[in-house]
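We have chain A; now place chains B, C, D and E onto it with these hints.
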Amino acid sequence: MILARVVGTVVSTRKEEKIEGIKFLLLEKIDPSTMKGKGDYIVAMDCVGAGKGEIVFYVTGSSSRMTEITQGKPSDAAIVAIVDEIELEGKLVYQKDAVPSH
Amino acid sequence: MILARVVGTVVSTRKEEKIEGIKFLLLEKIDPSTMKGKGDYIVAMDCVGAGKGEIVFYVTGSSSRMTEITQGKPSDAAIVAIVDEIELEGKLVYQKDAVPSH
Amino acid sequence: MILARVVGTVVSTRKEEKIEGIKFLLLEKIDPSTMKGKGDYIVAMDCVGAGKGEIVFYVTGSSSRMTEITQGKPSDAAIVAIVDEIELEGKLVYQKDAVPSH
Amino acid sequence: MILARVVGTVVSTRKEEKIEGIKFLLLEKIDPSTMKGKGDYIVAMDCVGAGKGEIVFYVTGSSSRMTEITQGKPSDAAIVAIVDEIELEGKLVYQKDAVPSH
Amino acid sequence: MILARVVGTVVSTRKEEKIEGIKFLLLEKIDPSTMKGKGDYIVAMDCVGAGKGEIVFYVTGSSSRMTEITQGKPSDAAIVAIVDEIELEGKLVYQKDAVPSH
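Chains as they are written, first to last, in my numbering: chain A, 6 to 107; chain B, 6 to 107; chain C, 6 to 107; chain D, 6 to 107; chain E, 6 to 107.
Looking at chain A on its own, in the form it has when it is part of the complex (with noise of 0.2 Å):
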C-alpha cells in the first residue's frame, strides 16, 4: 500500500456506467520521512469516507477491487485507510490531528 494526502478531487460526468457513483480523490504520494509531497499524483476511489488533508494510504491493482464498494469495477487505486500514526526509526513522523510544528 503506499502513502498519499488527499489534494483534491476529480468530478466526471461522463464515464463507465460501473463507477457512477462513486467519488473519485485525488492523491499526492508523501514521502513518509519529510511527510512531505513527492509531485505524483494519482486518482483513486474512495472507500473510508477519506476527506482533504487527510494521510490515507491506498492499495493497487486488481486487491484494489477487494472492497465492497469497488468490487467488480474498473478500479487500479482504492484508499483503504486513513492514517492515525506513522512511526519511523522510533519516531512519531505523523499524528492525525496533532498541531503541526511549523
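Take the hints with a grain of salt, since some may be wrong.
Note: identical chains are not told apart, hence a pair may lie in one copy or across any two.
To be verified - Under the rule of at most 25 Å between Cα atoms (straight-line distance), these lysine-lysine pairs were calculated in the PhoX-like manner:
hint: 1; residue 1: K23; residue 2: K43
hint: 2; residue 1: K28; residue 2: K101
hint: 3; residue 1: K23; residue 2: K41
hint: 4; residue 1: K101; residue 2: K41
No lab work stands behind these hints, which were simulated from the structure alone.
Only chains B, C, D and E this time, still in chain A's reference frame:
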C-alpha cells in the same frame, strides 16, 4: 487511475482478433499541478467516446478489463472517464470547456 | 498498451514447459513524439507474427494471457498489434512502409 | 519479491473492515549491493511476525493475497519472509544477527 | 518478461509456509544493449534450475504463478527461462558458454 490527455490515435490492421473494432487512443500522462504533459505516452482502449484534447483518466492492469467493451480482452489500459473538473489544494485547476487563461 | 519496436530475439532451450514453442521477441520501448527508442528493453511473446524493425504495441500483466497463444501461460508481455499509423497532435508521426524522411 | 527493511509502523483506526486486525509495517526498499535504504517506502501487511530493523522480502500485487492472512483482502504488498542471509557475487552481504562491522 | 543475471541467493528460515522448499535467487536486471547490470535487484523463485552467472528472463505479477512450482503461491517473480542467445539489431550480443571477449 491516472490522469492523461488524449493526444492522438494508433491504427493497426494486423492485431489479435479479440481487439478488432476497438478504438486505440494515444494518451500523454499529465501532471495536475501544472496540467502539462509529462512526456510519457501510453495506448489505451476507449470506453467512453473520448475525443482529442480531452482530459481523461484511465485504469490499468486487470481492472482495465472490468468494462463492457474490454472484458475478456488483452487490455491493460482503458479510458473510463472524461474529466470535467479537477480541484487541487482548493483551486479549480481544470474545467472542461473553460476558455484557457493563457 | 505500450509502443515498442521489435529489435531482436531471445532464444532459450531450458525453459518452463508451458512456454515451449513460443517466439520471444526483444522489444525496445519507443517515445512516439520522436519515434526513437528509450533504451528500455523487454521480452514479449509474439501473438501476431511481428517482424524485426516493426512498431508494435504490447499488453502487460495478467491481460497478456488473454490471447489464444498465451492463455494459461506464464506471460507478462504479449505483442497484440502491429502498428500501421500513429497520429500525434494532428501529425502523422509514423506510417508503416513509408520511406523514412531521414 | 523485493528486499526491504522494516523501518516503522502505520496505525489506522478508520479503515476498510476487511483489513481490521492486520498489522501494517512501513518498509524501506534496500539495495542489496550496499544494504542501504533507497529512500523508497511502502506499507505492507505482515504475514510472518517481522520486527523493526529486520530485512524481509515482500510480494506485490494479486500475489500478496496468496497467504492465509491476506486472502480476499485489499492487499498489494505482503511480507512473506524474514531474510537470514543474502549472498551476492559470492560474498555474504547480509547475515541476520551478525554483528555489523561498522 | 525481463532479462536479468543470477547474482546470488536469499535464504529465509521464517517464511510463509506456502513458499517452503522454494529456491530464492537474487537477480540483477540487465541492459541487453551492453549486457551490463542495471543496479536493480529483485528476488525471484526459480522454476528452471538456474545457476549463478546465468542470464535468465523472469515473469512478474500474477503470471509468475502460472508454473508448476509457483501455482497458488505468493510469488510475483518467477524465472521461466535460461537464455542461450540474445540477438539485438542483427548482432549476437549474448551467447551462453561463449568465451567472453573481454
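### Task
State whether the alpha carbon distance between K28 and K101 is at most 25 Å within one copy, between copies, both, or neither.
both (22 Å within a copy, 18 Å between copies)
### Query
Which holds for K23 with K41 at a C-alpha limit of 25 Å: within a copy, between copies, both or neither?
neither (34 Å within a copy, 29 Å between copies)
### Query
Given a CA cutoff of 25 Å, do K101 and K41 count as a within-copy pair, a between-copy pair, both, or neither?
within (15 Å within a copy, 30 Å between copies)
#### Entry: Intra/inter-copy verdict for K23 and K43 if alpha-carbon distance must be at most 25 Å
Neither: 31 Å inside a chain and 29 Å across chains, both beyond 25 Å.
Checked against the numbered hints above, the structure breaks hints 1 and 3 and satisfies the rest.
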